[in-house]
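Based on the provided sequences and hints, a complete structural model is requested.
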Amino acid sequence: MSHAFHSFDPQSRRAFVERCARAAFGLSILPFLRGAEALGAAAPAAAAAVAGPGFGSAKNIIFLQMVGGMSHIDTFDPKTGASKGPKGAITGKAGFQLSEFLPKTAAVSDKICVIRSMTAKVGVHAAAQYVIRTGYEQRGTIKHPMLGAWAQNYLGPSHKTLPSSVCINRNSDHGNGFFPATFSPLPIQDPDAGLQNSVPAAGIGTIEKRIELVNHLDGAFRARYPDENVAAYNDFYDNTLTLMKSADLKAFNLASEPANLRESYGRSKFGQGCLLARRLVEAGVRFIEVTSGGWDMHANLEESMTERGGDFDQAFSALLGDLDARGLLKSTLVVVATEFGRKPDFSGGGRGHYPKVFSTVLAGAGVKRGYVHGASDDMGAEVADKDMTVGSFHATIGWAAGLPLETPVVAPNGRPFTIGNKAKPALEVFA
Amino acid sequence: MRAAEKRNVLIRVANAVPSRQRECAPPILTAMLPIRFRTFLTGLAVLTLAAAAVAGQGKKRRLDDAPVAPPTPATPPAEEPAQPAAPAAPPSPWHVWSDGGGRKIEAEYRGLDGNLVLVRARDGSSYRLDLAKLVPADGEFARLMQKTLPPPPVPIATAAAKIDALVLAGLTKAGQQPNAPASDEQLVRRLYLDIVGRIPTAAETAAFVDSKASDKRPKLIDQLLTSEGYNSQMFNWLADMLRITDDYGRGVKTYVYEEWIKDQIAENRPWDGFVHDLMTAEGRLSNSGPVGYLLRDRNMPLDNLSNTVTTFLGANVACAQCHNHPLAPWTQREFFELASFFGATDATAVKANGQAKRLAKKTDVDQKVLIKIMAPNLADVDGLHKNTMTFPKDYKYPDAKPGAAVPPKFIEWAQDETKNTTAPPVPQKPEELRKAFADWLTRKDNPRFATAIANRLWQRVFGLAVQEPVTDLDDLSKGSNPPLLAHLTEEMKRVNFDIREFQRIVFNTQAYQRQASITPDLGKGPYLFPGPLLRRMTAEQAWDSVLTLVVGPELDKFKLRRADEITRMNIPGPVNQESILAKAKEIIEGDGTTGGKKGVSGKGGGKKRMGGVNAEDYDGVPPPRFENLTLARASELPQPAKEAHFLRAFGQSDRQIADTESREGSVPQVLTMMNGEIQRCIASAQSMVLKDAAKQKTPELQVESLYFSFLGRRPTIMETQTARRVFGEGLKLPDLTWVLFNSREFIFIQ
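Chains as they are written, first to last, in our numbering: chain A, 3 to 433; chain B, 2 to 751.
Calculated from the structure, these hints are not laboratory results.
Hints may be right or wrong, so weigh each one.
To be verified - Here are the computed lysine to aspartate or glutamate pairs in the DMTMM-like style, where the Cα-Cα straight-line distance is at most 20 angstroms: (1) B:K643 x A:E408; (2) B:K148 x B:D124; (3) B:K352 x A:E305; (4) A:K123 x B:D473; (5) A:K145 x B:D522; (6) A:K211 x B:D736; (7) B:K643 x A:D175; (8) A:K123 x B:D304; (9) B:K643 x A:D194; (10) B:K586 x B:D565; (11) B:K397 x A:D326; (12) B:K387 x B:D446; (13) B:K358 x A:E309; (14) A:K211 x B:E720.
Said to hold, decoys possible - The following residues of chain A were derived to be distant from chain B, with all beta-carbon distances above 10 angstroms: (15) K123; (16) L188; (17) Q191; (18) E259; (19) H300; (20) D313; (21) L331; (22) G372; (23) D379; (24) D389.
Computed from a prediction, not measured in an experiment: that's the story for all the values here.
Cβ atoms here follow ideal geometry from the backbone N, Cα and C, with glycine treated the same way.
Here's what the structure looks like:
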């Protein structure tokens, strides 16, 4: 699959999608698919062979997910014509325009790379959220992994006791895909509360004795039912015990942060989630997903953008500033993603779902600073330049993380998979 | 001709054929009869029939368990006292059936099973005649009868056996074997969890396991299905499907909707009526329950339709909202034509905050009170006089103009091989469109309505649906066992969408009562149900089970009742500034006299403790508390629970997207199990399970008591010896509760 296909007319493109989707999933005769590699950490040496600008520049990834479909026109791709919307545009520090809803982000736009030419096909929330999270379309027979799980597979765990992936403000929802259950992100539902119940009242020694007893007494049941879900729980118990004994647990506790810094991120769940993400980067967690909900602005867009957009604006700019001040930005990739954009047609005070064009943002690591990649047309209705699929977006992030994009992984069902479903990374975004 | 008639009896009819009048009683009334009485009636009918058959003239026939001769006219038919008013007299079921070769039989139509018509002759003998061998007029007559007459009820054992035969056929075809039957211990725990959503107490387990009654299984099933716990469990199941949340945002609370749903479940409202109400409701959230469904997606009618069609029809049509679906047969035009049935419906919630603020400034009335009044009154569903549905402005297909009005049209399933149902007419008046949609959606001939709910109910108790995913039933040949699903569909129709009765049949099958299988690799082939799947408890089952350990089965009496907080805000008549202010005055004065206990204004509001509920929110006796936990069942707690709550850590959905409850593990979940409040609660002084164990005289009996309570079985010798050993090393009973609570055996359902 190459970018050439995207220049076909809609009918051929659709026929192509149908053919691909109907064919044995993932097993088409694509040229670079050499021998499949078994599950497990691939040799990092293989990755070094394909080095290039930005490759491996991201030791950590913070993936900010705007759930509901963030309107591109009212954020990173403002327009002046009929599709304008309630607010106008302001010129950011880097010289390109952002929506008036994001003044603080505009002030640090010299740190970011905006991608205005994202395009996708799915305009239904659950299905589209799955795509932006995994780079694949949802299927009934297999679950696909998130980027954090991919990274853990190729690079191994990022820390001895802390999880390699964390997700904040949401549950883990099978983030491990077809990788072992322990690759799924540790969910923190409320960043203010952090990691609850991590200290046993009875002391760790008693806990260990009890766990030993559990394993002993439970043995017969586990032998009778060699079930993958039962086995997953065994692994979770092991990992939890390890984590409980870890000194790095304090990374989850926001109370150690100075109050004024907490204020600067904004006291929203998203704001505090971003702050927690920064702490976790420092502690050695490789992949942190932070969710912000409420972007499905069919109505009351102006009010919602003032609120949600405001929370985002404050948190995102604070996060970039904080990471930069600590020298972490050059090794941390901050991603702003959403499942689709919103319609150019601003009617009834809101916009409908619109996957054809939307915006995402990359910042930090080896990504160009103060840069715009791709463009949409005057209305924000079609991609005008350098269209990027979600698969390619994932491949680009995988490239930044130093993952071997062309080395497929064979899932337990025998099929090979790659990050972004064989899409190519957009290397132009790297400096 | 009777002497010379040949019988085309292919299968012995095992149904008991009761009197005509009993057939006419709708299942909902028979369901209200105590189950035991109904079984007795069937038994009585059977005995009567047996006597009649032996005494009657007619051909020699082998007497099966339930012979088919009707009661003689002298025997008064056993029936319930209350009968619905008889509808207009249906056509007579008597008919002369002829085969091509000149043979005839005069017999009464009794039922139609595929191509076999069940008839009963004047002498009482019953036959199954193959329509293929009869004249065409007979086929027409049979089909007319099927439409106009209700079929005779089928005994539970027969219905269950039919399902078993189909499951077995599926297994045999694939060269597979069914699992061995589950043991009593496994079954009782599974039945309690699946029907009433909690583990059985030690006493309940013992009562079942020790019973020597041969009918103890069907009896337990019936007892559990008619108990309060069933209502609680079904509410949790529906809450995930319908995305039930307490709060629609901006002060709009849905307690009236939630309690309406609970009432429907308690009354065993048939599924078709329930869904019909959701589609056609009108009114406000302050005075009408079912409007909560359309208002769930207020201001987003297309998303709402998408959810409706996916949930209730399993039609994979959501993508068609924006474009022709690449892999399914649905077009964008078809989506809009269906959505057009809601084009004359207005389901909006006007924001109360801004208006309340302005009104508060103007009149000096407390803004909080105004919001509490305005929010539910301004969230309403009502009809418009015009159909406003238009094709979207960016509609790109040549079959319609962008922005043009959309004529409403029902979708048809082209995938189906036989399309023998015709769509109903579309009403001209816009006001009638929504009802027409609701009628079409819920009628028996809708090609998918019965299938979708039957499939979901099967999934609920087997761990997998017959056709996965439940949201895509476009092509019924893709399921793991299409004849089974087709039969389940017919059963759902036969019981007139009584979902409790449907489940009753499923629980009574051998298929359900077999040992559980481990999670299959669906990539290697479909799962054909050699048994139910080994499943982790749902979040609600886990929570409710813990409560059973701590509080005991009394916990069903704690009922959340918050709807009256909302209904007292309802403004009779039109909502305008005067009526709002009048209501505000009434509320403020009312709070003054009651001392503001449930008050809204000022101090009486009541501090919401962590968990979001007060003691006053409960009917009668409030549930006990432990630290920050309110010990009430999941269905009687805030919907959904707060993020940090055990329920959410265990996978209760956030109710933003349908069907997203999770049974996965996670580190925070395990931390909760090991170190959280819930674990301290089980080991606390007030915990019933610990008190019961401590009462026992010897350590062996104490261990046995804990095992019965947690795992529903006796400990093995090894387990008892191990426990004794660790007690010697300093561990105590509370440690053992920790161990059992944190075992896999506890949270998985065998």
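Status of the hints after comparison with the structure:
Among the hinted pairs, B:K643 with A:E408 is inconsistent with the structure: their alpha-carbon atoms are about 43 angstroms apart, more than 20 angstroms. Between B:K148 and B:D124 the CA atoms are separated by roughly 26 angstroms; this puts the pair beyond 20 angstroms, and the hint is violated. Restraint check for B:K352 and A:E305: satisfied, since their Cα atoms lie roughly 11 angstroms apart, inside the 20 angstroms limit. Proposed proximity of A:K123 and B:D473 is supported: the alpha carbons are some 19 angstroms apart, at most 20 angstroms.
Annotation: proposed proximity of A:K145 to B:D522 holds, straight-line Cα distance about 12 angstroms (limit 20 angstroms). Restraint check: the Cα-Cα separation between A:K211 and B:D736 comes to about 10 angstroms, which is no more than 20 angstroms; the hinted pair holds. Note on B:K643 and A:D175: the hinted pairing holds, with a Cα-Cα distance of about 18 angstroms set against a maximum of 20 angstroms. Taking the CA atoms of A:K123 and B:D304, the gap is about 17 angstroms. The hint holds against a cut of 20 angstroms.
Restraint check: the Cα-Cα separation between B:K643 and A:D194 comes to about 13 angstroms, which is no more than 20 angstroms; the hinted pair holds. For the hint linking B:K586 to B:D565, the alpha-carbon distance of about 18 angstroms falls within 20 angstroms, and the restraint holds. As the CA atoms of B:K397 and A:D326 are separated by approximately 46 angstroms, the hinted pair breaks the 20 angstroms bound. Under the criterion of a C-alpha separation no larger than 20 angstroms, the hint pairing B:K387 with B:D446 is inconsistent with the structure, at around 29 angstroms.
Taking the CA atoms of B:K358 and A:E309, the gap is about 18 angstroms. The hint holds against a cut of 20 angstroms. Between A:K211 and B:E720 the CA atoms are separated by roughly 16 angstroms; this keeps the pair inside 20 angstroms, and the hint holds. With 10 angstroms as the threshold on Cβ separation, the claim that A:K123 sits away from chain B is violated: the shortest Cβ distance comes to roughly 8 angstroms. With a least CB separation of 5 angstroms from chain B, A:L188 falls inside the 10 angstroms interface cut-off, contrary to its annotation.
A beta-carbon of chain B is positioned within 10 angstroms of the beta-carbon of A:Q191; the least distance is around 4 angstroms. Here A:E259 stays apart from chain B, with its beta-carbon at least about 20 angstroms from theirs, past the 10 angstroms limit. Listed as outside the interface, A:H300 is inconsistent with that label: its C-beta sits roughly 5 angstroms from the nearest C-beta of chain B, within the 10 angstroms cut-off. The Cβ of A:D313 lies farther than 10 angstroms from every Cβ of chain B, with a closest approach of about 16 angstroms, so its non-interface assignment holds.
The Cβ of A:L331 lies farther than 10 angstroms from every Cβ of chain B, with a closest approach of about 28 angstroms, so its non-interface assignment holds. With a least CB separation of 33 angstroms from chain B, A:G372 remains clear of the 10 angstroms interface cut-off, as annotated. Distance check on A:D379: its Cβ is at least 13 angstroms (rounded) from any Cβ of chain B, clearing the 10 angstroms threshold; non-interface status holds. Taking the minimum C-beta to C-beta distance to chain B, about 17 angstroms, the non-interface status of A:D389 holds against the 10 angstroms cut.
Hint violations for this structure: numbers 1, 2, 11, 12, 15, 16, 17 and 19, all remaining hints satisfied.
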